[in-house]
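With chain C held as given, fit chain D onto it using these hints.
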Amino acid sequence: MDSYSKILKNGLWENNQAFVALLGLCPLLAVSNTVINGLVLGLATTLTLVLSNTVVSLIRHQVGSEIRLPVFVLIIASIVTTIELIMNSYFYELYLILGIFIPLIVTNCSIIGRAEAFASKNPVGASFIDGFGMGLGFTAALVILGAMREVLGSGTLFANADLMFGDAAKDMVIYVISDYEGFLLAILPPGAFIGLGLLIALKNVIDKRLSKPASQSVSLSMDAKKA
Amino acid sequence: MSDSRSVLIKSGWVLGLFSFIGIGLVSLTYSVTHEKIAENERLFILKNLRELVPGTLHDNDLLADTLQIAQAKEFAGKHPVTIYRALKNKKLVAIIAAPTAPDGYNGSIKLLVAIKENGELIGVRAVSHHETPGLGDAIDTNKSDWIHAFNGRSLSNPPIRSWHVKKDGGDFDQFTGATVTPRAVVKAVLKTLQYYQANHSNLAKIDG
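Quick note, the sequences are listed as chains C and D, same order. For the first sequence, the working numbering gives the first residue as 123, with consecutive numbering after it. For the second sequence, the working numbering gives the first residue as 553, with consecutive numbering after it.
Bound conformation, chain C alone (with noise of 0.2 Å):
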């Protein structure tokens, strides 16, 4: 049990995707510019990750170590694509919003990353933890770029929550920024390097000041007032 909340710890914080491994790049940069869509990506990718990793956990004593990756390719893609398609099929409504995300799933390295790292040399349980951890930090992440993208270059949070929580979201849109002007260039690409690189220097303030270990009540403070 204490190894379980060590693993999600690594995930969420320690080897975040996002802030630390620099992995998932790619769907990270382009999908963070409102939090809805970051939210929305940030699920769908942890729904992959535990699949793929209880799946190549299970079968890591059967894979020999020369075709391992073919192997995890397959797997990943087998499970992109049923996704997919189950949710055309049966969520029609969803995979509406969606479908221009799910296909982005498979660019997101991080779940192969996670299939050779981690998921091949550890039992399923821990597997499974480990991908539900590390899809939960990769889903903060977005969703915290995303608000920062979202109230900075639209003036909003939640915006277009209805159509992925239905009608009755659609009083959650906050206006943070009234008659807000809009600056283009957060939403725009660079606007996703800019803010994913103050978020990585944010975070190794706070590693660096929780490791001073006199100050650290006083830096703890300091930390949950940035946060």
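For the record, the hints were derived by calculation from the structure and aren't laboratory data. All C-beta atoms in this analysis are idealised placements derived from N, C-alpha and C, irrespective of residue type, glycine included. Treat the hints with care, since some could be wrong.
Think about it this way: if two alpha-carbon atoms lie no more than 35 Å apart in a straight line, the pair counts; the simulated DSBU-like pairs of lysine-lysine are [claimed, not checked]:
#1 Lys588(D) with Lys668(D)
#2 Lys662(D) with Lys599(D)
#3 Lys719(D) with Lys695(D)
#4 Lys325(C) with Lys695(D)
#5 Lys668(D) with Lys719(D)
#6 Lys662(D) with Lys588(D)
#7 Lys131(C) with Lys243(C)
#8 Lys718(D) with Lys599(D)
#9 Lys292(C) with Lys739(D)
#10 Lys668(D) with Lys292(C)
#11 Lys757(D) with Lys642(D)
#12 Lys588(D) with Lys642(D)
#13 Lys325(C) with Lys243(C)
#14 Lys562(D) with Lys243(C)
#15 Lys640(D) with Lys662(D)
#16 Lys642(D) with Lys292(C)
#17 Lys292(C) with Lys719(D)
#18 Lys599(D) with Lys643(D)
#19 Lys599(D) with Lys719(D)
#20 Lys718(D) with Lys668(D)
#21 Lys739(D) with Lys599(D)
#22 Lys588(D) with Lys640(D)
#23 Lys292(C) with Lys662(D)
#24 Lys757(D) with Lys643(D)
#25 Lys292(C) with Lys599(D)
#26 Lys588(D) with Lys292(C)
#27 Lys292(C) with Lys718(D)
#28 Lys599(D) with Lys588(D)
#29 Lys642(D) with Lys668(D)
#30 Lys757(D) with Lys640(D)
Partial pick of chain D residues on the chain C-facing surface, computed with a CB cut under 8 Å [as the list claims (entries may be wrong)]:
#31 Val566
#32 Phe570
#33 Gly574
#34 Leu577
#35 Val578
#36 Tyr582
#37 Thr585
#38 Asn592
#39 Lys695
#40 Ile699
Relative to the frame of chain C, chain D by itself:
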């Protein structure tokens, strides 16, 4: 020598087995879902058509009375254009053309353009596109009202020289930071109107 060969052969078998399982899984899912997917797509098109031309205006099955225009000089590009005809008492009341604007910012934009019998636009919808989220995707009705600017327009309203975005000296707004997308849509709608004007008598012809 023989040892490494047996490893190679074993690897081949394992790889083959996983390819087989992967293909099997995807084919199985496809065979279970493809009818439902086709039905979903049909209903989606019908829903969009209904939004443009409500059922009270016509008495035929829109999806059954279609024309495929393979090549027309007005529709540049390789995509055939489907035209749905709305009839009432065997007379044409409106058409809905499904042209593709080939020159969107990220590839083609599929549109539905509904035109009244007299050549006036009922409305335009973007049904599928890959425009930049947050910028070009304002052509979607659930993201902005932009596309409603076409309602009631025709080849004389505005005059043809003003069928451009404002940046190009025309009458239609562009989006902040995205001119390519609205430019492509305006161009495709104009071409559809011109096609309708040139082929009006053919389109109005009712068989039987």
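Checked hints:
1. A threshold of 35 Å between alpha carbons decides the hint, and for lysine 588(D) with lysine 668(D) the separation of about 33 Å falls inside it, so the pair holds.
2. This hinted pair checks out: lysine 662(D) and lysine 599(D) have alpha carbons roughly 15 Å apart, not beyond 35 Å.
3. Note on lysine 719(D) and lysine 695(D): the hinted pairing holds, with a Cα-Cα distance of about 22 Å set against a maximum of 35 Å.
4. With a C-alpha separation of about 34 Å, the suggested pairing of lysine 325(C) with lysine 695(D) holds against the 35 Å cut-off.
5. Straight-line distance between C-alpha atoms of lysine 668(D) and lysine 719(D) comes to about 29 Å, which keeps the hinted pair within the 35 Å bound.
6. The suggested pairing of lysine 662(D) with lysine 588(D) holds, with an alpha-carbon distance near 22 Å, which does not exceed 35 Å.
7. Between lysine 131(C) and lysine 243(C), the direct Cα distance comes to roughly 19 Å. Compliance with the 35 Å bound is thereby established for this hinted pair.
8. Restraint check: the Cα-Cα separation between lysine 718(D) and lysine 599(D) comes to about 32 Å, which is no more than 35 Å; the hinted pair holds.
9. At most 35 Å may separate the alpha-carbon atoms for a hinted pair to count; lysine 292(C) and lysine 739(D) meet this at roughly 33 Å.
10. Our distance criterion of 35 Å between C-alpha atoms is met by lysine 668(D) and lysine 292(C), whose separation comes to about 33 Å.
11. Restraint check for lysine 757(D) and lysine 642(D): the C-alpha separation of about 10 Å stays at or below 35 Å, so the hint holds.
12. For the suggested pair lysine 588(D) and lysine 642(D), the alpha carbons sit about 32 Å apart, so the restraint of at most 35 Å is met.
13. With a CA separation close to 29 Å, the supplied pair lysine 325(C) and lysine 243(C) stays within the 35 Å bound.
14. Our distance criterion of 35 Å between C-alpha atoms is met by lysine 562(D) and lysine 243(C), whose separation comes to about 21 Å.
15. This hinted pair checks out: lysine 640(D) and lysine 662(D) have alpha carbons roughly 27 Å apart, not beyond 35 Å.
16. For a cut-off of 35 Å, the pair hint linking lysine 642(D) to lysine 292(C) is broken: about 42 Å separates their Cα positions.
17. For the proposed pair lysine 292(C) and lysine 719(D), the alpha carbon gap of about 33 Å is at most 35 Å, so the pair holds.
18. Restraint check: the Cα-Cα separation between lysine 599(D) and lysine 643(D) comes to about 23 Å, which is no more than 35 Å; the hinted pair holds.
19. A threshold of 35 Å between alpha carbons decides the hint, and for lysine 599(D) with lysine 719(D) the separation of about 34 Å falls inside it, so the pair holds.
20. In summary, the hint linking lysine 718(D) to lysine 668(D) is supported, as the alpha carbons are separated by about 26 Å, within the 35 Å threshold.
21. Distance restraint check for lysine 739(D) and lysine 599(D): the Cα-Cα separation of roughly 25 Å lies within the 35 Å cut-off, and the hinted pair is therefore satisfied.
22. A hinted pair counts as satisfied when its Cα atoms are at most 35 Å apart, and lysine 588(D) with lysine 640(D) qualifies at roughly 31 Å.
23. Restraint check for lysine 292(C) and lysine 662(D): the C-alpha separation of about 27 Å stays at or below 35 Å, so the hint holds.
24. In summary, the hint linking lysine 757(D) to lysine 643(D) is supported, as the alpha carbons are separated by about 9 Å, within the 35 Å threshold.
25. Distance restraint check for lysine 292(C) and lysine 599(D): the Cα-Cα separation of roughly 21 Å lies within the 35 Å cut-off, and the hinted pair is therefore satisfied.
26. Taking the CA atoms of lysine 588(D) and lysine 292(C), the gap is near 29 Å; set against the 35 Å cutoff, the hint holds.
27. For a cut-off of 35 Å, the pair hint linking lysine 292(C) to lysine 718(D) stands: about 31 Å separates their Cα positions.
28. About 16 Å separates the Cα atoms of lysine 599(D) and lysine 588(D), which keeps this hinted pair within 35 Å; it holds.
29. At most 35 Å may separate the alpha-carbon atoms for a hinted pair to count; lysine 642(D) and lysine 668(D) meet this at roughly 15 Å.
30. Straight-line distance between C-alpha atoms of lysine 757(D) and lysine 640(D) comes to about 13 Å, which keeps the hinted pair within the 35 Å bound.
31. Checking valine 566(D) against chain C by beta carbon gives a least distance of about 6 Å; that is within 8 Å, so the hint holds.
32. Given the 8 Å rule on beta carbons, the hint for phenylalanine 570(D) holds: about 5 Å separates it from the nearest Cβ of chain C.
33. For the restraint placing glycine 574(D) at the interface with chain C, the shortest Cβ-Cβ distance is roughly 4 Å, inside the 8 Å limit, so the hint holds.
34. Restraint check, leucine 577(D) versus chain C: the minimum CB separation of about 5 Å is within 8 Å; hint holds.
35. Because the smallest distance between the Cβ of valine 578(D) and any Cβ of chain C comes to about 5 Å, under 8 Å, the interface hint for this residue holds.
36. With its C-beta approaching chain C no nearer than about 6 Å, tyrosine 582(D) sits inside the 8 Å limit, and its interface hint holds.
37. Of the supplied interface hints, the one on threonine 585(D) holds, with its beta-carbon coming within about 4 Å of a beta-carbon of chain C, less than 8 Å.
38. Because the smallest distance between the Cβ of asparagine 592(D) and any Cβ of chain C comes to about 4 Å, under 8 Å, the interface hint for this residue holds.
39. Evaluation of the lysine 695(D) hint against chain C yields a held restraint, the C-beta minimum of about 7 Å falling below 8 Å.
40. Restraint check, isoleucine 699(D) versus chain C: the minimum CB separation of about 16 Å is more than 8 Å; hint violated.
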